[in-house]
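Undergrad: Respectively, the protein sequence lines represent chains A and B.
For what it's worth, the numbering used here labels the leading residue of the first sequence as 1, then goes sequentially.
For what it's worth, the numbering used here labels the leading residue of the second sequence as 1, then goes sequentially.
For the record, the hints were derived by calculation from the structure and aren't laboratory data.
Heads up, the beta-carbon is just placed ideally off N, CA and C, and yes, glycines get one too.
Hints should not be assumed to be uniformly reliable.
Quick look at which bits of chain B chain A covers, simulated, 3 or more residues with Cβ under 8 angstroms [said to hold, decoys possible]: (1) 55-63; (2) 85-91; (3) 212-222; (4) 229-241.
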Amino acid sequence: MSILIDEHTRVIVQGITGRDGSFHAEAMLEYGTKVVGGVTPGKGGRTVGAIPVFDTVDDAVAKTGAECSVVFVPAAFAPDAIREAADSGISLVVCITEGIPVLRMVDLYHELKDKGVRLIGPNCPGIISPGKCKVGIMPGEIHRPGGVGVISRSGTLTYEVVYDLTERSLGQSTCVGIGGDPIVGTGYVELLELFEKDEKTDAIVLIGEIGGEAEEEAASFIKTSVHKKVVAFISGRTAPPGKRMGHAGAIISAGTGGAEAKVAALRDAGVVVVDRPDQIPDEL
Amino acid sequence: MARTAEQAGKAAADLGGKAVVKGQVLTGGRGKAGAIKVVSSQAEAESAAEKILGMSVKGFIVEKALVTERLDIKAEYYAAITVDRRAKAAILIISAAGGMDIEQIAEEKPEKIRRFVMPADNDEALRKWLAESFEDRGLLDQAFQIAQNIYRLFREKDCSLVEINPLAVTAQRRLIAADAKIVFDDSGVPQHPELAELRNADEYTADEIEAREAGLSFVSLSGEIGCMVNGAGLAMATMDCIKLAGGRAANFLDVGGSSNPQKVLDAMRILLRNEQLKVILVNIFGGITRCDDVAQGILWAREQLGITLPIVIRLIGTNGKKGRDMLGKAGLIATRRMGDAIDQAVACSGGGSL
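Just chain A, same shape as in the assembly (with noise of 0.2 angstroms):
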């Protein structure tokens, strides 16, 4: 099992026919991900590799059943194309885009929980199942199928601390990049709740960073709710208040957002928090 997408996942890419789009969506395939069509205003008729290119959300979902969409549209026409997905039946969108203005996305964020619709990001890498399913920009050469969940905030960090589970033998059940922003569609705690309900989950890996308080947020739901071992590392100890760190929601500002205030609450909760990314394997 895994969470979120599987083998029969069926995948749209919107703005295939850009740079990033067109390179992902045959990276994706090439993985074993369902990738069932594309979408580009204008450009519908046509093909990226063998992958049918629509004009309209509407129309692919029509003509291929799919059900999830992955977004590579520019930051300006991103929350559109999200809300595209959202009204023409996909139930859950996963928005690679970065540099989305925050205030974009409080309204996208209400809109699609009304509308029962998942969004996973914005400025993520993205999900992966592995052995089963790609939907993201992750180099899928580095995970391995298994037991160990991992949600992070992170992109590349991410990639760092698979790699190193990989070299242990300890696979990945699903990796979930939420995104680097302020707003994010989905957060820890949602995904934390699928991992302890995923039968085939047996330890999580959660991966903070400096900013907000979604990892204070995670800590209590862990410790009412969540059984399985969890794993943490909080990236950021050392980094200077005030000063944006490269993520959006990377800031720690008026007396909140720092490091040590999360690994307490983790702590607290149970969690067992390390100090460098390479020794989570160690705890597992």
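Following the hints, complete the assembly by docking chain B onto the known chain A.
TA: Just chain B now, kept in the frame of chain A:
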């Protein structure tokens, strides 16, 4: 706006002598630092401006001062709109205990700070909520107008914070924004080109400005190990691991997700401007970024920039072997493990236990 004591005195005289001289810097805590002074005459304004101009507030030098009307302030509120990450909404924040100590109040008496999710369902709901802070009908009408106006500003310009502190009540029962601070969302700036022009160069180091122009995310720190990493999370983790190993990072630098040797070259040029640097650490886990592109950028940098410092390279992920081979042929060794590269870099910088 005065840049000299003489100008400040003249401006105060124009206001009839009674005025406030306020040092203009892009940070808070000015009152406490003594950068705001109430004056009663031209001479007092001159002497106040003499002290304020050139002083430093949290590291920001005061280069100009605003000379403004002295209000007869009876009470000070705090009003702000920001995004609440937990509620995933814009919230209006009001406190009757505004003024200089708002941060302290937030920490010690959080119940004195009230929050309301915006937009309100209707005008009546907002008025009713505000009425608990502004009992006087005249003040309530003004507060309602101000709340709506700052929310409109917040939305229209993609702000992350609009703050009025103090929101002053004058003897004439007028609500006046006596001071204000606005923070814009970096991601909103491309859609509001007029905001880019407001950027204050003093707020950033020269390296940070050059990095932004090159499309890199960069923050200056105080150590000796120059870091070039792809991805923000990995870049922060690299800094953290350097410290654990006994070294000190000179910077945070995310070369970004795209794959381009030119970006690596630009990044290297910016790193090398730091004269404190003793070693350069490149930590790349290729995903979108291809390791052969990174290797190419490093080789160009070595050719074009005449690098004499040691470079420690960790290169893995997409096209990793190709990248390591390219470096190997040029006599540069790239490791595969992050921990090894960090230990080596720390040793080169003269720190750690190695």
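Undergrad: For every hint, state whether the structure bears it out.
TA: Checked hints:
1. With 0 residues having a beta carbon nearer than 8 angstroms to a beta carbon of chain A, the stretch 55-63 of chain B misses the requirement of three or more and the stated coverage is violated.
2. Evaluation of the coverage hint for the stretch 85-91 of chain B: fulfilled, as 5 residues show C-beta separations to chain A shorter than 8 angstroms, against a requirement of three.
3. With 3 residues having a beta carbon nearer than 8 angstroms to a beta carbon of chain A, the stretch 212-222 of chain B meets the requirement of three or more and the stated coverage holds.
4. For the stretch 229-241 of chain B, the proposed coverage by chain A is satisfied: 12 residues have a C-beta within less than 8 angstroms of a C-beta in that chain, meeting the threshold of three.
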